[in-house]
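Trainee: Listed here are the chains, written in short residue letters.
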Amino acid sequence: MKTGRDVSAADDVVGNEAMVAQMRKGALEYCVMALISDDERYGFELVQKLRDFDGVVTTEGTIYPLLSRLRKDGRVETSWRESPSGPPRRYYHLTDKGRESLERFAVQWERFRDAVDAVLNERRPVNNGS
Amino acid sequence: MATQEADDISRRYLKRLEKELGDLPAVYRNEVLDEIREHIADSRVAVQSDADMPAVLNRLGDPKSIADDARERFELKSYRAGTIEIAAIILLLFSFSIVGYIVGLVLVWRSPAWRRLDKLIGTLTPVVAVPAVWIAGAHLFLLVALIVAPVYLAVRMRNRSRAVLLFSLVPLGLVVVASVGLAVITGGGISGGGISGGNSYMVVNGQHVCWVGTSTANEKEVPCNSVTPPYGGWNDLEKNSFTTGYDYAIVAKGQHRCTVDTPKGIFQRTSCSSIPAPPGGWQAVAASQQSTNCVGDEPHCLFVATASPVVPPTTYPTP
Chain A
-9 MKTGRDVSAA
1 DDVVGNEAMV
11 AQMRKGALEY
21 CVMALISDDE
31 RYGFELVQKL
41 RDFDGVVTTE
51 GTIYPLLSRL
61 RKDGRVETSW
71 RESPSGPPRR
81 YYHLTDKGRE
91 SLERFAVQWE
101 RFRDAVDAVL
111 NERRPVNNGS
Chain B
3 MATQEADDIS
13 RRYLKRLEKE
23 LGDLPAVYRN
33 EVLDEIREHI
43 ADSRVAVQSD
53 ADMPAVLNRL
63 GDPKSIADDA
73 RERFELKSYR
83 AGTIEIAAII
93 LLLFSFSIVG
103 YIVGLVLVWR
113 SPAWRRLDKL
123 IGTLTPVVAV
133 PAVWIAGAHL
143 FLLVALIVAP
153 VYLAVRMRNR
163 SRAVLLFSLV
173 PLGLVVVASV
183 GLAVITGGGI
193 SGGGISGGNS
203 YMVVNGQHVC
213 WVGTSTANEK
223 EVPCNSVTPP
233 YGGWNDLEKN
243 SFTTGYDYAI
253 VAKGQHRCTV
263 DTPKGIFQRT
273 SCSSIPAPPG
283 GWQAVAASQQ
293 STNCVGDEPH
303 CLFVATASPV
313 VPPTTYPTP
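In the order they appear, the protein sequences are chains A and B. As numbered in the numbering used here, residues -9 to 120 make up the first sequence, in order. As numbered in the numbering used here, residues 3 to 321 make up the second sequence, in order.
Any given hint might turn out to be false.
[Stated by the list, open to error] Calculated cross-link-like contacts (lysine to any residue; reagent style SDA-like; alpha-carbon spacing at most 25 Å):
hint : chain 1 : residue 1 : chain 2 : residue 2
1    : A       : Lys62     : B       : Gly24
2    : B       : Lys66     : A       : Lys87
3    : B       : Lys17     : A       : Thr48
4    : B       : Lys17     : A       : Gln38
5    : A       : Lys62     : B       : Asp36
6    : B       : Lys79     : A       : Arg61
7    : B       : Lys66     : A       : Gly16
8    : B       : Lys66     : B       : Asn32
9    : B       : Lys21     : A       : Thr48
10   : A       : Lys87     : B       : Phe76
11   : B       : Lys66     : A       : Arg14
12   : B       : Lys79     : A       : Arg41
13   : B       : Lys17     : A       : Pro78
14   : B       : Lys21     : B       : Arg112
15   : B       : Lys66     : A       : Val97
16   : A       : Lys62     : B       : Ala48
17   : B       : Lys66     : A       : Pro78
18   : A       : Lys15     : A       : Pro78
19   : A       : Lys15     : B       : Arg39
20   : A       : Lys39     : B       : Ala48
21   : B       : Lys21     : A       : Thr49
Calculated directly from the structure, the hints in this document are not laboratory data. Predicted, not measured: the structure shown is a model, and the values here were computed from it.
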């Protein structure tokens, strides 16, 4: 039987997931753009690289519609290259427009992150029990 | 996990994903599908095992989640089929006019609830099927040819709730029930009326003469031992007597009606199941073949009927 504490812990996990999902949604496209800002990468390689960063992506399949959307916006471009293990691959690289967009985000993100950190630091220390 | 099994589950996954991504612009949908197909292939090479396929697909995520996310990225509203689609199907079923039917088709083509291929099939099916059925003379199947497209479209509708499917299928069900009911009432699916045919037996110059046929066009004289005897058996021959036996069936007001000639030469109405079926069996007849000069039980009505092959019985009574 589930105890009240179990239910509360489960609620916490769901709540954390929802909170992180919201933050991830806005930032993910810039993370993807950052990973192809210096080097061209193909889809699977890009997803593998993203796995190195905990919590950046959970549903890997969503990366592909995101890449299509970035291509539609003209922020990334693709080129076909021969693959050693199969048919040619589509490699993604950043366009000038994408690079500019990424730079703007990096500045805004830093400001936003600092502001949030500052607000969170304003909290009073939690008093445990006494 | 065997390679075949891994192939199967990845194929099913891609199929579901393709369905879920249905409303994404085709060029991007295909791009996403190609990439995910490649992702799966790369994953198999990377781990060099098919055993991990469920884990690979699990990491990729539920196709619905991917599609929801894609819609958000492409700023597409998730379309829910509703009133327009129900109206389109009802118009295709009940418009009773070319204009109404065309309006139904326009609604179908404007709705994102169907793929282009389904719209094409829904449009072309009656265009092909109705003339084909008409030419083949299978007029009873006209109704089927007409409702195939609405049924197909109702089932193939995307992003619909169960309620919408139900509302689409209720009119279809009504059509089917009404058709079956009509067929039962009119005796075998006769629409409009007509005459189904029979055998005729006469005495000419003291000899039995028999004909079978279902119309004046295909009526032919046959040996009397090749036809089913008339109700009450063969009568005595009387020189110059006119009719000694006569069973016939007509269709009046859409219903079979049967009459038999008794041994005493008195016409008597009877149930159609009590007399032998005409050669070739009971025929369904089209309204266009209904006799217009059939008064009461006049014998000439017998021969205005469908043209169907005459199949004489294999055992012959002796007159």
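Trainee: Hint compliance check: list the failing hint numbers for this structure, sorted ascending.
Mentor: Per hint list: 2, 12, 15, 16, 17, 18 violated.
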